[in-house]
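Visitor: The lines below spell out each chain.
2 protein chains.
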Amino acid sequence: MTAERLKELRGQLDDINIELLDLITKRAEIVAEIGKVKAKIGTKRFDPVRESQMLEELVSRNNGPFSDDTIRHLFKQIFKASLDLQKTDQQKELLV
Amino acid sequence: MTAERLKELRGQLDDINIELLDLITKRAEIVAEIGKVKAKIGTKRFDPVRESQMLEELVSRNNGPFSDDTIRHLFKQIFKASLDLQKTDQQKELLV
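Sequence order for the protein chains is A and B. Quick note on numbering: full-length UniProt numbering labels position 24 of the first sequence as 24, and the sequence is numbered without any gaps. Quick note on numbering: full-length UniProt numbering labels position 67 of the second sequence as 67, and the sequence is numbered without any gaps.
Calculated directly from the structure, the hints in this document are not laboratory data. Wrong hints could be hidden among the right ones.
Reference listing, derived: stretches of chain B covered by chain A, where coverage requires no fewer than 3 residues with Cβ under 8 angstroms from a Cβ of chain A [claimed, not checked]:
1. 12 to 21
2. 30 to 42
3. 60 to 67
4. 75 to 82
These figures come from a predicted structure and were not determined experimentally. Heads up, the beta-carbon is just placed ideally off N, CA and C, and yes, glycines get one too.
The following block holds chain A by itself, in its conformation from the complex:
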């Protein structure tokens, strides 16, 4: 019974991992598109005010179990990864 339950819970965890991967990937595509729009307007890609607003919105919706600091930390990593991706793209463009 317990071993079965463990297997079931692990299956649920695997499904959530894949959903997270899909969402993070989709998020990166949107960030890339925002970057293109910003390039047209001529504004900088990294906007610390907007990042701060997104983090505060997330924290305001956080009902635990994670602390607000943990939520900030995890999302900052996700935000940074998407921005770093664009840096690489820009560098590639410069090299062509």
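Since chain A is already given, all that's left is putting chain B on it; use the hints.
Guide: Below, chain B alone, put in the same frame as chain A:
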């Protein structure tokens, strides 16, 4: 047009952020339940082999734009946060 598009894309990003928060929260609940089952069986909560398998499963499904290393890094942070949560719970129990 461009400003409107930016607003639209930002709205999409906000929605994805909330979905990510919900999934990470749901994930933490499942990890907590796995911890309880493991406590019954008497096995350790942190299983490096299982963590490695989950990471490799994610990397095998990763079709970019993130590098495999970035996916490993982001998910290790998510995994660690869930485990840290349980440590705090255990410490609380010891203090009662």
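Visitor: It remains to establish, for every hint, whether it holds in the given structure.
Guide: Each hint, compared with the structure:
Three residues within the 8 angstroms Cβ limit are the bar, and the region 12 to 21 of chain B against chain A gives 9, so the coverage statement holds. Coverage of the region 30 to 42 of chain B by chain A holds. Counting CB-CB distances below 8 angstroms, 9 residues qualify, and the rule asks for three or more. Three residues within the 8 angstroms Cβ limit are the bar, and the region 60 to 67 of chain B against chain A gives 6, so the coverage statement holds. Note: the region 75 to 82 of chain B has 4 residues with beta-carbon separation from chain A under 8 angstroms; the three-residue rule is met and the coverage holds.
The earlier numbered hints are all upheld by this structure, with none contradicted.
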